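If you read the sequences in order, they're chains G and B.
In terms of our numbering, the first sequence is residues 1 to 158.
In terms of our numbering, the second sequence is residues 159 to 1054.
In short, the hints are calculated from the structure, not lab data.
Model, not experiment: these values are computed from the prediction.
Don't take each hint at face value.
Restraint-style ranges between C-beta atoms, simulated for each label pair [claimed, not checked]: (1) G:Thr143 with B:Phe604: 23 to 31 Å; (2) G:Trp61 with B:Asp1021: 37 to 45 Å; (3) B:Gly903 with G:Leu130: 43 to 51 Å; (4) G:Thr143 with B:Thr831: 28 to 36 Å; (5) G:Thr143 with B:Ser757: 30 to 38 Å; (6) G:Lys84 with B:Phe570: 35 to 43 Å; (7) G:Leu130 with B:Trp875: 18 to 26 Å; (8) B:Glu191 with G:Trp61: 48 to 56 Å; (9) B:Tyr783 with G:Ser91: 44 to 52 Å; (10) B:Asp1021 with G:Leu130: 34 to 42 Å; (11) G:Thr143 with B:Glu191: 40 to 48 Å; (12) G:Lys84 with B:Trp875: 32 to 40 Å; (13) G:Thr143 with B:Thr248: 48 to 56 Å.
Here are a few chain G residues that sit away from chain B, every Cβ distance over 12 Å (derived from the structure) [stated by the list, open to error]: (14) Thr56; (15) Met79; (16) Ile86.
Glycine included, C-beta positions come from ideal geometry on N, C-alpha and C.
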Amino acid sequence: SYMGSTDNRRKWAIDFNQDSRQVQYVKPTKQASNTELKQRKAWEVAKAPGKGIFMTAFMLWMAGSGINIFSIMITGYSMLNPIKAIIGVNSTFSKFSDPSISLLQPKLVFIAINIVALGVAFYKCSTLGLLPTADSDWVASLTVRPPLEYSAGGMAFA
Amino acid sequence: MMVRNHALSHRLVAMAVVMVAIFMPHHIQGIHEDEVGLADWYQPHIGRVAHCIIDDTTQSTFYVSTYSRVIAALDLTSGDLLWRQLLPETEGEVALIDYHAGALVSASSLSSGGSVVRMWDATRTLIIEVESPRVYSHIKIRPNPGSKNKPDFVLLARDHIEVRSGRDGSVLKSSTLSADARSMFLQRNIVHVIHDTRSSSLDMDASDASWTASQGPLFESDLGTLFQDDAYVVVDSHLVGVSAKSPNNIVSVPIGKESSQSITTQHTSLFSSALPASPVLSVYPLSGAGGVLVTAQGHAGGLSGVVSASVNPKGLKVNPGHASLDPSTMRVEDAEIERIFSFEAKLRFDVVVFSDWSLRCVDVTGGSVLWTREEALASIQHVEIMDLPSRDLSDLNKLEKEFNQRGILNKFFYRIATQVDQLFSFVSGNQAAPLVEKGQMTKDQFGFRKLIIVATEASKVIALHSEKGNVVWGRNVRDIKGAGHLYVTRTSAHFPPEVVVVGQGNEGVTVTAIDAMSGVVKHVQRAGPGPLVQAFLLPATDSNFTRTLAIVAKDNQVHIYPDTEDASRAVRDITTPVYYYIVDRESGGVSGFRLSKGSAEKTWAASFEGKVVGIAVPHGKEHTYSPAVILGDRTLLAKFLNRNAIALAVLSAQSTLHIHVVDTVTGAVLHTTHHQAAAEPVSLCLMENSIVYSYLSYKTSRHIIGAIDLFEATIDWTSSSQPISSAETGAPAFSYHQTFIVNTGIKAITPTVTSIGITSRQVILGLASDQVVSLDFKFVNPRRPQASAMTQADKDEGLVPYKPLLPFHPFWYLSYNRTVARLHTIYTAPTFLESTSFVFATGLDSFVTRTAPSEGYDVLNPDFNYFTLTLTCIALVVGTVMATRASKAKDMARAW
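In isolation and in its complexed conformation, chain B is listed as follows (with noise of 0.2 Å):
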């Protein structure tokens, strides 16, 4: 009886975990195969591209070698990445590449000295890498028509020229040069090498005892002498290029020859018309054909043109074809082309390089642009991520006059007339018109859609449509060398949103307000002679509700953006206390200053041995919702909570990483903690009274997460919402820290955010397998229990017991399959969803998706059947309708 009675128990609890599992929909973080690319998007990126060659075969393929370390293939017809193949960080920035009959040649430096040669397929399988102890400076394939075997190929180092085999890529052949060579080219057996004033050339056939270098003079004079910035090309036994004595020649010298003369030819005599006053000149070999393509190019009114002509030995013709090429079409906001790769010989296509990175294909018989690839996104730098605006943006201004009304009375009365207003205007059918069309450009009910504002190593600022990536807008920002500061200025609440960007070029400090919905550049202002250092908003708005911004160069020199009368009364009527810090990343040193009537104050400074290899701040968009944690057995943990506590990790020459939390008004050190025999790579985040850090402790081969929670000692009940200062809040009474060991390195480390900050929170890693994953803050909560001393109120608070090793469960991998190459920085912004964060990973690629820490508490499943509730509501309201109308039709019967 009593077994059976057991039985019975035992069959109802696998009843209920039935049931249970039935009834809790999506208890999976996870997400399922269909549902990659609805919440999340992926790009990858190859970067500013370098060398180019056409698969001359197909004619449809052409591989890249990039300053990114990347070699790739990609379509020529749609620009397409075919595939792409990542060098390791231990190589020279841009590998050298020859291409001919399916076999594809890199040649690339290790910073250790020597080279990796490597020999791919045109599917990207890797068939030889060797390494040799010299740096190349060309390679070149050798055809070998008709040969099932894969060709062999030449490199030349300095004064050093080898042949390597295909088949294995050891060295057939070598021979050590008389000088320095400058450049190589193939023609059928013979390599021709060039000097300075001499020409060599070796005879592949030869005999390996034979295979020597027969030298030639070949110029009267130098190089460098003859061809401007050292750039020529070989065609057809000629060297050309632009001539150094006349930028407006192109010169053309025979190679190899006794007689060496060399022509030259004025560019005005090749180009008709639509050059720009001043043109550049640039020469690119054409293949095959044994033309070469001379483009011209300059700056009129922000246009870069391109028109060409070939050359011959006799001199130079205009190429109808490439003439007739319409410069407008080439027209790229603000950027120089930098490159020209013409594959004009056999197709009637150009690959085009800018100096913004983006790689055009251009139809030269059209003269049209067939595709883009925005390449300056491989180089991310800053984000910001904005809401768009609300398509009735034509009501803010008198809901902004309604909500500036004091008294409630005034309030409402505002109300009730905004509110007239609109039934007015919707009867009439006037309404006015909107500024932002519906669609993408607007935001919507969850505030998902949202413009992904990106400040690229191109000077390039791009904005991205967050549902699927692509470029609403891109603006090279002149003027700027490298990546500009982002500060939105005016957020989409008031119309037209706006961005700016902070930067220093050769003009000093420029600040450039670009309008975020267009990509206009309104307004560029000019901020003195930097260098800058540091750049940030204030808090007051001019008149037209845009954010001011300090800029401060050296010596505490400090600029307000905007330059108008307005701006500077607002900064002035700040009654604030407004302070900023300077982090100095190599000494360690951090300076605080006062900021008062425009001018800057140094208040204090602090000096922490070694290096500063982490800067977390506190999220602008995190809202704390509670000032206390609940516990177990419902008593309360006061959080140390101060707005404007920055943590700092500090990795000292003796290898000791220190976590310290400084008060950046007062300079005090707050909370300082330190590990021995750690090493980088260090990241590090600060959310509320937690900061969540990790690091690789060297002595024990592991990468260890470490939490850090600070609290209060009271809570204090009798607090009013009243300001407090930073003198007042103090450092926290105890902390609580755990470390945990996790089996990847650690390349960054997010918190989630959402708008209020009810729900539990989730902090987003970067690992270095390049994958993200979110790691919910309950495993790293460094109140985490010893199993044994486990308490009531622990389990009824949900801690989970503390265990040293910190899996990660494959549900977590935000990235599924994927991994976003060279990942560098997440972003995640507040979504109006309360349960969900928006996340935003960058590095060569970009990656996009939603994580909901609590689960999505606030919506429905997308297969929620509204079908059934409609219908179940009519038949409720019908059945009700006729229920009542039969239980009164009986009641008068009864009273008849």
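This is chain G alone, in the form it adopts within the complex (with noise of 0.2 Å):
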């Protein structure tokens, strides 16, 4: 019925259809499924980040394995994104605070998924060889050590 169309924003209703003529009052039980909207909601975009993966990997891999300036906008991108969005993370989710809800377990798992697109570009860098984890990486904090003594001479002149 038009009842049951369940619009619990309206505090009352007269339904002309029927004979009572009376005033039914809505009860003030939709607090509670509003806050389950709002968990339900802050679900949907904690896993929302999920589904770009997919995308973000298959363009990284479109970018190819070539240092150019694609491959390094699309990467740069990837890995900013997820950044980005990690030290947003609270004003993402502050449109559903609620004192009666807990945002954590979305916020993790928001984050989680960051972490894993941030992975995916973090992957892409090192086939990029972008990463320093090669030994020569580090060449540049090698010194020449200076020697110790000062050794001069040749061959005899006489």
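Grab the two chains, each in its own frame, and use the hints to assemble them into the complex.
Take a look at the structure:
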């Protein structure tokens, strides 16, 4: 019925199709379903980056292994976005804040998924050779040690 | 469809290749014809002149024979070398020459005995070359006026005289004399031969059978008692020379006449004035005129003067032309006149050879020097390449003060103070006058402009400008025999820079300090009687920023230069342990010493069986950028680095060549490798952890280049920049070694050096053919893998697959189509451009060029379009300004 179409925002309703001409007051039990919605939405937001991972991975794969403007830009953005998202996690979930619900779980999931996305980007970096994982990347930190002793000489002149 | 696809891909690849070729400029090392002489110069030399003859027909060319086995034709008016013939090393030092009417004859002795007699035409074409079993002392052409044939010539050996044909060099006539001859001269058809107390004459037109000498008494006494130094000249049937009895007299003796009276004249009647206190008289014949040139010279304040007179049979007469010659115009730095070749009879020029080997042409009427050839440069023995000073030296002292400050704040304040000073002096306009005028004698932006200081066999030190090779100054270092050893005791960072020449002469060991900019001798220091064994720079400077120098004489007597209290205090205060080593070439012995508190103490001795044929030390200006080699798989290989290690090539009597790497502090032999059946030429060089050497393998009749790389076992990640002791360094953990076959002998190997050492390296080779080749180190990299064993990592690293044969690409020849005659040593120096190394090749000739082993990655091409760049920048700025205005105007309009 119309009533059953659950519009819990209305405080009251008159149904003229019915003869009782009574005002039906909506019960304030809808509060619970509101928080439930927030929770659900929070979860949706938390899981959203997950869908993007595959797209990002595909884009990164398409960018190829050569270092050029596209691969650098795509890699850069795919690294930057998760980091930005992780930093802005509180503001992202602020609209769902409600004292009666805990956003910890969705936040953690959000962060986790973004970390996975970051991992994908890092993997791309490593395939591009941009991660300082090899010995040769640290060669600049090696110093040539000067000799302690001073030595000179050569063939005898006479 | 497939086929078409295939064709398309091929076309794409071809297009890509073409595009790459177009957009990769200067990928080729060789130079174009129009680039010859831009970055390089070449100077041919002839050496110290021994004989000189003028072309009496053209009178513009003269021919010389030198102590460097060279016969050359020079232009009399300019001194330019017209042509030059190098005689083989197997021949004696000096060739006898004579010239007449388009024919130049020469005779030079062979080391195996006998002589080679040659005839050349005036354009250096060899016409005749015959060998003779005799060694000649005189050669004379018999003029044949009116004949089109080449003239015959007469040769005198000790007691043998022969006439050779100008057609084929065959002996036409010969005769054995009764006694050894001292000299010979021709008079029309008569050959006069002078013996000790007799003269003989032979008629060249006489028939073969009667070609014997008719003798006559000449002198009452021996020639040696008559003339000083056995030196005399023949003029118009007279022998003229300086009297042995009284050196101030000239003796004139008629030849072949019964009455052998000599006429003597005192020189004081010859020379009116300007004679030094104790003159050295010498006499020279004047061609044609029947006169003689008498010169007197001596030292008065470093001046050499020459005055002359002519002699005729009746006596001596002052030649007014010569007498007016001003001694001061003959001024050369402390050099004496060695020989004068006078062409005065027909020309007004003298060609004078000085004791510093320089050859000068003097106008005898005006006394001016027309040209000078600095022939000491034919005998360069030691080289130091210096940077020229900066123009802003006046600020240098302040900078020094600034950098000597401790603490960042102090340094910062001094920086500000210096700059405020500079600003004030700039505004007020009374800037301190620069010590060096801007121009050739200041350094340039790229550090290509350098001063090449050379020490020559003529005891002369010469500074050459690196740009065109002109002589900046020359200094004849007295009291030194042969070439001195050069040390830069003050670099151009401190003005004036200073070089020190250490050498030995009659007065013992002499240390001469010379201002490197002007060539003025600043200080002469005696360092004991010698003999001089070694000299080396010490790691200490005195308060004038002069590097101290240790001079080691026999029995390890150590002297310090400069001999001031200041310097000896600086030496006493050295905290670094100082060692030195001395290698004995013949015995193969190497000894190490420790120098402490001015006295030497022997610390080690090593003996290698054989003769030391090569020694390689790290280049003084070598800079190691990284202590590890990066491999293709991005792992590291730790280089074995020991600045105190040297490489020695020792050739044993059994023809085994040993390459030893020796630590000169501890005396430890760090690495040894050997080759059997090896022979000279051997040359080697040492750079960082690599040794490149060459030798002749006589068993296989091949010239070999070998390369050794030394490595440590592991990378020391924890290492600090603390100094490391040789004792701690130890021996290399492992090494790579490879040899390559080259199709030419190698006389010199030198690695390139760059200022920071990032640029890949080349080894500069001096070939037996006197050419200079730059060989990329990657071709002599001992880690070149076998083609079959080549891994992806090797490919990524850019290693070239090993091939035993190492051909030289034509583009590698730095000397392009030139040869540097008798190439001896190659020197390299860094420039301010990291990509570029400076190369100086010496021998009889000198050659300077630059090489960029990784190409000129830090410079724009010379044809870079600066105009377009400027135009684009201006257009962009203008465009930006205009666009900003337009956008503002539009915003305003919209707002309204």
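The hints, checked one at a time:
Distance hint check: the CB atoms of Thr143 (chain G) and Phe604 (chain B) are about 28 Å apart, consistent with the given range 23 to 31 Å. About 43 Å separates the C-beta atoms of Trp61 (chain G) and Asp1021 (chain B), a value consistent with the hinted range of 37 to 45 Å. At roughly 50 Å, the beta carbons of Gly903 (chain B) and Leu130 (chain G) sit within the given window of 43 to 51 Å. Distance hint for Thr143 (chain G) and Thr831 (chain B): a CB-CB separation of about 30 Å, consistent with the stated range 28 to 36 Å.
Between Thr143 (chain G) and Ser757 (chain B) the beta carbon distance is about 35 Å. The supplied range of 30 to 38 Å therefore holds. Checked against the hint of 35 to 43 Å, the C-beta distance between Lys84 (chain G) and Phe570 (chain B) comes to roughly 39 Å, which is consistent with it. Our hint of 18 to 26 Å for Leu130 (chain G) and Trp875 (chain B) holds, since their Cβ atoms are close to 22 Å apart. For Glu191 (chain B) paired with Trp61 (chain G), a C-beta distance near 52 Å keeps the hint of 48 to 56 Å intact.
About 48 Å separates the C-beta atoms of Tyr783 (chain B) and Ser91 (chain G), a value consistent with the hinted range of 44 to 52 Å. In this structure, Asp1021 (chain B) and Leu130 (chain G) meet the distance hint of 34 to 42 Å, their C-beta atoms being roughly 36 Å apart. The hinted window of 40 to 48 Å between Thr143 (chain G) and Glu191 (chain B) holds, with their beta carbons roughly 47 Å apart. Hint check: Lys84 (chain G) to Trp875 (chain B), Cβ distance near 35 Å, so the stated range 32 to 40 Å holds.
For Thr143 (chain G) and Thr248 (chain B), the Cβ-Cβ distance of about 54 Å falls inside the hinted range of 48 to 56 Å, so the restraint holds. At roughly 27 Å from the closest C-beta of chain B, the C-beta of Thr56 (chain G) stays outside 12 Å, upholding its exclusion from the interface. Under the 12 Å C-beta cut-off, the non-interface status given to Met79 (chain G) relative to chain B holds; the minimum distance is some 22 Å. Listed as outside the interface, Ile86 (chain G) is consistent with that label: its C-beta sits roughly 30 Å from the nearest C-beta of chain B, beyond the 12 Å cut-off.
Every hint, counting from the list given before, is met by this structure.
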